[in-house]
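What follows is the residue order along each chain.
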Amino acid sequence: MSTSLSGPGSAEQAPGREPVRRGLPRTSRTARNHAPITATGLVVKVVLLGLVAGIAIWAAFPLVEAEHWVGLGILAATTAGLFYLYLTRRHIPAKYLVPGTLFLIAFQVFPVLYTASTAFTNFGDGHRGSKDDAIVAIQTSSVKQVPGSTEYSLSIATKGDPATGALVFLLSDPKTKEVFAGDAGGLRKLDAGEVTVSSLSGKITAAEGYTILNIGQASGRSDAVTALVVPTSGGAIRSNGLTRAYEGKAVRAYDVGCDCIKDGETGKTWTADAASGSFVAADGERLAQGWKVNVGLKNFSRVLTDPNISGPFFGTLVWNFAFAIGSTGLTFLLGLAIALALHSPRMRGTNLYRILLILPYAMPSFAMLLVWRDMFNTDFGLINNLFGLGVDWFGGSWSARIAVLLVQLWLGYPYMFLVATGALQAIPRELTEATSVDGATPWQSFKAVTLPLLLVALSPLLIASFAYNFNNVNAILFTTEGGPFPADNPRNGATDLLITYTYRLAFGAQGAEYGLATTVSIFIFAIVAIVAAISFSRTRKQEEVYS
Amino acid sequence: MTTYADTPVARRNATGRSTGRWFAQVGWRHLVGVLAVAFSLFPILFVISAALNPLGTLSSTELVPTGASLENFTNLFQDTPFAHWFLNSLLLAGVASFASIFLSALAAYAFSRMRFAGRRVGLLALLLIQMFPQFLAIVAIFLIFTTVTALWPAIGFNTPWGLFLLYMGTALGANTWLMKGFFDTLPKELDESATMDGASHAQVFFRIMLPLVAPILAVTGLLAFIGSINEFIIANVFLTEPNSKTLAVGMFGLVAGERNNNFGMFAAGTLLTAIPTVLVFQLLQRYIVSGLTAGAVKG
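In the order they appear, the protein sequences are chains F and A. At position 489 of the first sequence the residue is numbered 489 (the working numbering), and the sequence of numbers has no breaks. Quick note, the working numbering runs 547 ahead of the 1-based positions in the second sequence.
Extracted from the complex, chain F is given alone in its bound form (with noise of 0.2 Å):
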């Protein structure tokens, strides 16, 4: 009925198979000029060009009105590639390899290019634009109202949702009758006929194309009117409540003489360093606006020499280690210890184990980590009334840690449960079945063929685990936060992963400070890759069997 892998039952089936392929090194190129073209692979391929061809023009013309050439051009050239490839009766492992390859590109290597190139930067709060847009932040926040500056009746509107939507300022002048629309980006004269103006008060009642906010929706975001700075050629309109503005003048003025800020009414300057991106004044006070600059390997060394960075990263590179390894191993020895007790032909039932068993990997894990922190709880969690003990589990660094390493077993076994069996199943039971006859020990059969075998098909499963937990953010965030943090340091936790502290350092309190974080981001890459790349390249040797 069955016949071993290469035994002589498969050679039976197709008799002169093996001599031909032994004696005349076949390369896939005499093979496939012999394959013919089917019908139903012409049609297919003729749908799916169609339907590249489809996209790329209904990509095209929003390109094209743009007058995005650059991404003209790329959508061409890959649009071009496509055809080629798919036409051609060449390159066959790329006709594999580019569909999945083109998504990796676009939506992985790309964005993580470009987060790496910030890493390299002073991005962040502050720093965020060019040097153009940090004078004229600079000009239009210090706006002041000045005698004789013009002033406006304010409708606040919107041209989307009145809670979310960008805001503009709807002006009237008084006094000249004319309208305008202002936003962040510059003010625009309107068209006397598209407004309704109140002959009453003087406010733009009515515009096309923007929802005018009433009163309430307009007071429920007063921060954001406030905030809102409309740039002109003498200076500023900002709002004064939410009925009037004033075209006010800027105090600080940009001076390309000296490629300073002036102030007007003190008299300071701050001059621009191109090295910091920022403004800075003889006594040394900066400007809280900065621009985007390339800072080369500074954030790198702040990394490795700022005390408040670099102290406490060897602690928690440890627990990180320990984390990962053991979230992986845990729950692999778990999975497989359990795949391996129900993996016999002599057991009823394991249908419903397994449906039972995996019901953990089937809730959705954000919401069972909060759900498990919930059961942590010392006064009314589930796990302290259910085995009558009174340990504050988030309280102490070690059952802290215990408790994450316990959720992250119990959502992560199943899935090492499912992996290990579909591997199981994937072994021909012969081969244990000729080590038993040869007089082995199950355990030593397990061990000789079986163990062997699972390793090949789910170590870069296992790495990948790794570096998945590496970085397990949610793990941490959803459960204790990174607590509990010492006295003495509030910003360096008994559970924190390099990833949660460096969230906080770089995204905390002080401000986003992306050049930063990608920086310690790199760090951690290249942590877990050295340590992947290690443990592929022993794994390595085990593929070579197949290879």
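You may find that some hints are simply not true.
Stated by the list, open to error - Examples of chain F residues toward chain A, derived with CB under 7 Å: (1) F107; (2) Q108; (3) I338; (4) R346; (5) Y353; (6) L359; (7) V371; (8) L418; (9) A529.
What the hints assert, rightly or not - Chain A residues, not near chain F, derived (Cβ > 12 Å throughout): (10) E618; (11) T621; (12) F624; (13) Q625; (14) T706.
What the hints assert, rightly or not - Only pairs whose alpha carbons sit at most 27 Å apart, straight line, appear in this in silico DSS-like list of lysine-lysine: (15) F:K95 x A:K735; (16) F:K131 x F:K298; (17) F:K189 x F:K159; (18) A:K735 x F:K447; (19) F:K131 x F:K262; (20) F:K144 x F:K298.
If you are wondering where the hints come from, they were derived from the structure by calculation, not from laboratory data. Here a beta-carbon is modelled for each residue, glycine too, at the ideal position from N, C-alpha and C.
Go by the hints and put chain A onto chain F.
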């Protein structure tokens, strides 16, 4: 089939020794199974209890339900756009998992069966790229999709298609590795003989390889489905309009503010979220169970 010790005839004549043998061969397996099931189920019982508890707060919830009502479920549908979230998640996870296993099966086939320049580099690169802390690229993703939204609103923010494309970026990677491992364990003679019989590479892939790897397709499909359902960080940035959210984003918002009071509703939502995954598993069960060796290798 040989006669086993636990067939009815054998058991009728059983002595204590053969009961011991039964335990040594089969019984302990059941013990392990029951213990594992207990470990798996008790947090879920806690959630069921909370979902049924009409009080609906965390502090009033116990392992055994203290009351039974569907109040939490009706509240969930009346007070939140839960039905929208549910459909969004189902559509997104369904399409994304199907597409991603197809893409990775294509790649796994090439990596397993073909030898070409850059194969090793490609495999290693795939593994490495996946290791970059992905959520730190969220700023870049946000900036990229700001442009995309301006050009093609149909695949921009708050659309399932934009998020789908983004998820396709991670379609290769671990799943490709897992699949390649299984492709590697299939004897090469199978597809080589088909090639000698005149099959094209596409026919080999679709007619011979895909049916053979159905079990691993089922497993990775399930993993991809669960991964999409649970994905939170990117979806949270991507989907901001109430009706466009997925379950993860919507339900997190439910308990972000007052968790204790909404706990019943949250638990009810958790249970409903689990339903599609359990159904998908049921659907794929027979492929997972019927292993590779039971399939075409023998036939």
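Consistency of the hints with the structure:
With 7 Å as the threshold, the beta carbon of F107 (chain F) comes within range of chain A, its nearest partner Cβ sitting at about 3 Å, so the hint holds. Taken as an interface hint, Q108 (chain F) checks out: its beta carbon lies about 4 Å from the nearest beta carbon of chain A, inside 7 Å. For I338 (chain F), the interface hint holds, since its Cβ comes within 7 Å of a Cβ in chain A; the closest pair sits about 5 Å apart. At a threshold of 7 Å, the smallest CB-CB gap from R346 (chain F) to chain A is about 5 Å, leaving the interface hint in force.
Interface restraint check: Y353 (chain F) against chain A, minimum CB-CB distance 4 Å, threshold 7 Å, status holds. For the restraint placing L359 (chain F) at the interface with chain A, the shortest Cβ-Cβ distance is roughly 6 Å, inside the 7 Å limit, so the hint holds. For the restraint placing V371 (chain F) at the interface with chain A, the shortest Cβ-Cβ distance is roughly 6 Å, inside the 7 Å limit, so the hint holds. With a cut of 7 Å, the hint placing L418 (chain F) at the interface with chain A holds, because the nearest CB-to-CB distance is about 6 Å.
At a threshold of 7 Å, the smallest CB-CB gap from A529 (chain F) to chain A is about 5 Å, leaving the interface hint in force. Under the 12 Å C-beta cut-off, the non-interface status given to E618 (chain A) relative to chain F holds; the minimum distance is some 19 Å. Listed as a non-interface residue, T621 (chain A) keeps its Cβ farther than 12 Å from every Cβ of chain F; the least gap is roughly 19 Å. Every Cβ of chain F is farther than 12 Å from the Cβ of F624 (chain A); the closest lies at roughly 17 Å, confirming the non-interface assignment.
Non-interface call for Q625 (chain A) relative to chain F: holds, since the shortest CB-CB distance, roughly 20 Å, exceeds 12 Å. For T706 (chain A), the condition that its CB be more than 12 Å from all CB atoms of chain F holds, with the nearest at approximately 15 Å. Proposed proximity of K95 (chain F) and K735 (chain A) is supported: the alpha carbons are some 20 Å apart, at most 27 Å. Distance check on the hinted pair: K131 (chain F) and K298 (chain F) sit about 20 Å apart at the alpha-carbon level, within 27 Å; holds.
Our distance criterion of 27 Å between C-alpha atoms is met by K189 (chain F) and K159 (chain F), whose separation comes to about 17 Å. For the hint linking K735 (chain A) to K447 (chain F), the alpha-carbon distance of about 26 Å falls within 27 Å, and the restraint holds. Annotation: proposed proximity of K131 (chain F) to K262 (chain F) holds, straight-line Cα distance about 16 Å (limit 27 Å). A C-alpha spacing of about 38 Å is found between K144 (chain F) and K298 (chain F), which places the hinted pair above 27 Å, so the restraint is violated.
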